[in-house]
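Protein chains in written order, with our numbering: chain S, 4 to 525; chain Y, 9 to 337.
Hints are computed from structural coordinates only; laboratory data are not their basis.
Positions of the beta carbon are idealized from the N, C-alpha and C atoms, including for glycine.
Hints may contain errors.
Chain Y is faced by these chain S residues, among others (derived, beta-carbon under 8 Å) [what the hints assert, rightly or not]:
#, residue
1, I15
2, L16
3, S18
4, N21
5, L72
6, L75
7, Y79
8, V80
9, T86
10, L89
11, L90
Every beta carbon over 10 Å from chain Y, so not counted as near; a handful from chain S, in silico [unchecked claim]:
#, residue
12, D38
13, Q68
14, G81
15, L105
16, E107
17, K110
18, G147
19, N162
20, N220
21, K284
22, P298
23, N336
24, R343
25, P345
26, G493
27, R503
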Amino acid sequence: MKAFSNLLSDLILTSSRNRKLSLLEQYFSSTPDPDRGYALAALTSSLSFKNIKASFFKDLIKEKQDEHLFDLSYDYVGDLAETISLLWDQEKGGNMPRLSSLFENLKKAKNDELKNHIINILNISTADQRWAFIKLFTGGLRIGVSSRLVKQALANYGNVDLEEIEKIWHGLHLPYTNMFSWLENTGGKPKISIYDIFHPMMLAHPLVMEKDLATANPKDFVAEYKWDGIRVQIVSHSEGCRLYSRTGDEVSKSFPEIIKTIQGNFVLDGELLAGINNEPKTFNDLQQRLNKKAPSEKFIQKNPCFIKIYDVLFFNGEDLRDKTLIERKKVLNSYFSKNRSPMSLSETIEFKDWRFLDKIRDISDKQIHEGVMIKSVSSPYIAGRPRGKWFKWKRNPKNVDAIIMYAQRGHGKRSSFYSDYTFGVFNKEKELVPIGKAYSGFTDEELNRLDKFVRSKTINRFGPVREVEKTLVVEIAFDEMSLSNRHKSGIALRFPRFKRIRWDKPTNEVETLDQIRKNFLE
Amino acid sequence: MISIDNKLYIRDIDTYIDPFFPVERAIITHGHADHARAGHKHVLCTPETSEIMKIRYGENCASSFQTIKYGHSVKIGKISVTLYPAAHILGSAQVLLETPKHRIVVTGDYKTILDRHLDPFEVVPCDLLITEATFGLPIFKFNKPEMEIVRLLDNISKNKENTFLIGAYSLGKAQRIIWLLREAGFSDDIFVHGSMDKLCDFYQSKGIRLGTLRKATLDNKKDFKGKIIVAPPSALKDRWSRRFENITRCYASGWMQVKQRAKQSQIEIPLVISDHSDWNELTNTIKQTGAEKVWITHGREDALKYWCEKNGIQAEPLSLQHRDETSEL
Numbered sequence: 004m005k006a007f008s009n010l011l012s013d014l015i016l017t018s019s020r021n022r023k024l025s026l027l028e029q030y031f032s033s034t035p036d037p038d039r040g041y042a043l044a045a046l047t048s049s050l051s052f053k054n055i056k057a058s059f060f061k062d063l064i065k066e067k068q069d070e071h072l073f074d075l076s077y078d079y080v081g082d083l084a085e086t087i088s089l090l091w092d093q094e095k096g097g098n099m100p101r102l103s104s105l106f107e108n109l110k111k112a113k114n115d116e117l118k119n120h121i122i123n124i125l126n127i128s129t130a131d132q133r134w135a136f137i138k139l140f141t142g143g144l145r146i147g148v149s150s151r152l153v154k155q156a157l158a159n160y161g162n163v164d165l166e167e168i169e170k171i172w173h174g175l176h177l178p179y180t181n182m183f184s185w186l187e188n189t190g191g192k193p194k195i196s197i198y199d200i201f202h203p204m205m206l207a208h209p210l211v212m213e214k215d216l217a218t219a220n221p222k223d224f225v226a227e228y229k230w231d232g233i234r235v236q237i238v239s240h241s242e243g244c245r246l247y248s249r250t251g252d253e254v255s256k257s258f259p260e261i262i263k264t265i266q267g268n269f270v271l272d273g274e275l276l277a278g279i280n281n282e283p284k285t286f287n288d289l290q291q292r293l294n295k296k297a298p299s300e301k302f303i304q305k306n307p308c309f310i311k312i313y314d315v316l317f318f319n320g321e322d323l324r325d326k327t328l329i330e331r332k333k334v335l336n337s338y339f340s341k342n343r344s345p346m347s348l349s350e351t352i353e354f355k356d357w358r359f360l361d362k363i364r365d366i367s368d369k370q371i372h373e374g375v376m377i378k379s380v381s382s383p384y385i386a387g388r389p390r391g392k393w394f395k396w397k398r399n400p401k402n403v404d405a406i407i408m409y410a411q412r413g414h415g416k417r418s419s420f421y422s423d424y425t426f427g428v429f430n431k432e433k434e435l436v437p438i439g440k441a442y443s444g445f446t447d448e449e450l451n452r453l454d455k456f457v458r459s460k461t462i463n464r465f466g467p468v469r470e471v472e473k474t475l476v477v478e479i480a481f482d483e484m485s486l487s488n489r490h491k492s493g494i495a496l497r498f499p500r501f502k503r504i505r506w507d508k509p510t511n512e513v514e515t516l517d518q519i520r521k522n523f524l525e
Numbered sequence: 009m010i011s012i013d014n015k016l017y018i019r020d021i022d023t024y025i026d027p028f029f030p031v032e033r034a035i036i037t038h039g040h041a042d043h044a045r046a047g048h049k050h051v052l053c054t055p056e057t058s059e060i061m062k063i064r065y066g067e068n069c070a071s072s073f074q075t076i077k078y079g080h081s082v083k084i085g086k087i088s089v090t091l092y093p094a095a096h097i098l099g100s101a102q103v104l105l106e107t108p109k110h111r112i113v114v115t116g117d118y119k120t121i122l123d124r125h126l127d128p129f130e131v132v133p134c135d136l137l138i139t140e141a142t143f144g145l146p147i148f149k150f151n152k153p154e155m156e157i158v159r160l161l162d163n164i165s166k167n168k169e170n171t172f173l174i175g176a177y178s179l180g181k182a183q184r185i186i187w188l189l190r191e192a193g194f195s196d197d198i199f200v201h202g203s204m205d206k207l208c209d210f211y212q213s214k215g216i217r218l219g220t221l222r223k224a225t226l227d228n229k230k231d232f233k234g235k236i237i238v239a240p241p242s243a244l245k246d247r248w249s250r251r252f253e254n255i256t257r258c259y260a261s262g263w264m265q266v267k268q269r270a271k272q273s274q275i276e277i278p279l280v281i282s283d284h285s286d287w288n289e290l291t292n293t294i295k296q297t298g299a300e301k302v303w304i305t306h307g308r309e310d311a312l313k314y315w316c317e318k319n320g321i322q323a324e325p326l327s328l329q330h331r332d333e334t335s336e337l
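Work out the full structure, taking the sequences as your base and the hints as a guide.
Here is the structure:
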C-alpha cells in the first residue's frame, strides 16, 4: 500500500507523459505479484468493490468532524478522498498492509466488521496513504492517468505492442499474473477465447474540414449515418449472445429480447436504437430502455429496440480486424442479404463530393442521426482512436442565448473555480427559468473572468451553489432540444456548452422560452 | 472602550492599521505589500519593518518612522500601543491597543509554531482579537517544515540531472526556505532570483545565516544541474524560468497542502511550508487570548466564524479587500 500511495502521489503531480510512463514501469518492475495486479486494476478502473461507496466515507468523517466544517472543506478541496484524508486525525502509527491483502481482507470482512476495519486503516495511515486508500473506493482516481496510458506502460515494460495488450485485455483477470509473466518472458501469451471478451472498439476523430478533407479523395472513403443511439458490440456464438457498451460494460440484461433472437458465430459492431422495422426513434426514446436494468415483457413490447450494424470484427471464427473496411463490408453485405431482425445493416450514403455530404449531415427534420461518419475504405479495425482512418462529421450545433443564474465549483483540476453554470431564459410570467447546465466551451482565461464574475456578483448561497445577479448573457451551443417534464422550463438540451460569453449583451434582448420552443421544437 | 472600525481605523487617535491607501498615521504589522504601502505620513512599526519598507519602497516611503521593539510600548493619547512578535516574517508584529479597561489585539499575519530564525509568537490576552484566517479550514494542518525539506533534498539526490526551481515569496518565505536548507546541512551554493537578493542580504545582516547565495543569471547555463534556484512564485510560470533546462517545479506554501491545487499550478514537488497559522494554531490562539469577540480580517472566514460561534465567541468577518487567497504572502 505504501508503494501504491507513493505512486499515486507522484503520478498526480507529474505532467510529462514520459515521466508518468517511467513511474508506472518502475512500479511494475519493483512490485511483486499479486500487489502490482491489484494496482493495475485500480489504475484501469477495473477494481470493483460493491460494499463501500463514497457515502460510507462521508458518514465516517461526519462522526468525527462537524458536518458544516466538512461541507466547507469539501467545497474548497473539491475531491472527497483528499478532503477526508486531510480532515482525519492520525491517531496511531502502524504498518500498512500490502495492497492485495488489504483488499482481500476488506472483501472477506462481514458487514459489521467492515467499519472497524476501515477505521483502523485510516488511523494507521499517513494523509497520503489515506488519500490513496479512499480513492480506491470512491470511483475514478482522477490523477491524470488514462487506462490507455497504463497499458502503454505495460507494453513498454514487456516490450510488446500496445495493440497486443488491448486485444487480450478484456480476457485478463485480477491479479494479471499470467500477463506479467508473459511481459517478463517467463510465460507465454495468455490464451483468450474471442467469445469470452469484449474487443475494444475503433473510434472516430471529429472531422476538421479544412485539414482532413483538403486533400482527401471522396473515392477513398465510405460514408454512413452516425445514428443517435448507443454504440454496442454483439458477441455471439453457439452458447449465446452478449451485448457490450462502448466502454466494455455488459448491457445484455437490459435487452433480453435482442440477445435471445440473435444467432450466429460472430462479433459485430453497431448502434442500438429505439424503434422497429429499421425505423429509428430518438435518443430520448432509447433512454427509457437504458434506465431499466430488468425490463418487463410488457415494457419491452411498448419500447422495442433494434441494432444497425456498422462493422464486423470476427465472422465464423475468422479474425477480420486486419482486413480492409471494404472487405469487411462484403462479409456484412452477404450476411445481411437475408432478414436478420432485430439487426439490420447501416446503409452507406452514396456521394460524389464533400459538399453533398455536408448538406446531408445537417438535414435535421428527424432527430435520429447526429451527422455522418466518413471511413477510409482501406482502414483495418484498430482498437482505440487511430489517426486519419475514421471521422465523425456531426451536425452543426444549434445556438441559444441564455442568462447565467447559478454557479458551482468544479471538481478535480477545477476545484477552486466556479466552473459549472446553470443558465435560463424568461417564461411568459417574465420569470427566469433554468434550461440547462454547462461546464465547458470556455478558455482558461474566460474561466478566470467568469469565476471573478461569480464571486463578485453573488446574491445568495445555497450550500455550495451560488446564485448570481442575472446580468450575464452567454451563447450556448447544443446538439438537440427535446420536451421534458423533469424541468420547470419543459425543455431539455442535449450536450449544452458555452459558445460565446456576451459580456456586453443586455438581458432583455435574450429570446423568451416561448420563442425558443417555437424555433427549435415546431 | 477603544473605538476601532472594520477598516482597522482607530478613531480616538486617528490611526489606521495596515491601510491600503496613504494616511496621516499608520501602524504597520509587517513588510508584505498587502500590509505595508508607501505614502503614509507617520508610520509606527518595528525597526526591522521600517528597514524592509525602506529597502522595498525607498528611504522616503513615509515622512517619518517611529520604531519600537517587541514588548515595548508607546502612548498615543489615552491609548497605549505595544508590539509583540507574530513570527510571520522578520519584524512582523501583533499590535496591542490598550486602555486600563479595554484590550484589542490585531494579529496581522502570524504563526505560532516555533521557527527558530524568528522571535517566538506570544499569546497576548485581550477582549477583542482581530485575527487573520488565511488557512481557516480544518483541512489545513501543517507538518513540521523540516520534514518537507528532507523530502526535497531526497528528491534532489535522486535526480541530479534536474534543476530545482522553488517558488517562494521574495520576502520572508524565500529566506526561511534557504535557512531551513542550511539547517538541514545543505551547503551547496543556492541561486536566487534578482528580486530577492537585497532582502536576503538584509536577513544575513540580522544574523540569519543563509550561506553562499548567487544570482540566477545565465552566465553559465550548465551550472544549474542538481542545483536549487529560489524565485518568486510568479516567476515559476513566467518566461524567466524557461531559460533553465530540465526544471522540477517546487512551491513552498500552505496552499500546497491540497494536491489538486499543486496539480493546477503544475507543481511537481509541493512543499507544505507556511508562514501563516494552520487551523489548530488559529483556534488555539483564539482560545488562549480569552477574547470574547473575534474579528476576522481576511482568509477563509466562514469556517472560523462558525467555529467561534460554536464555542460561544462572537465573530464577525471584515473581508478586507486586497487580501484574498491568491496573495498568500
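(request) Check each numbered hint from earlier against the structure, then list the numbers of those it violates in ascending order. (result) Failing hints, ascending: 4, 13, 14 and 18.
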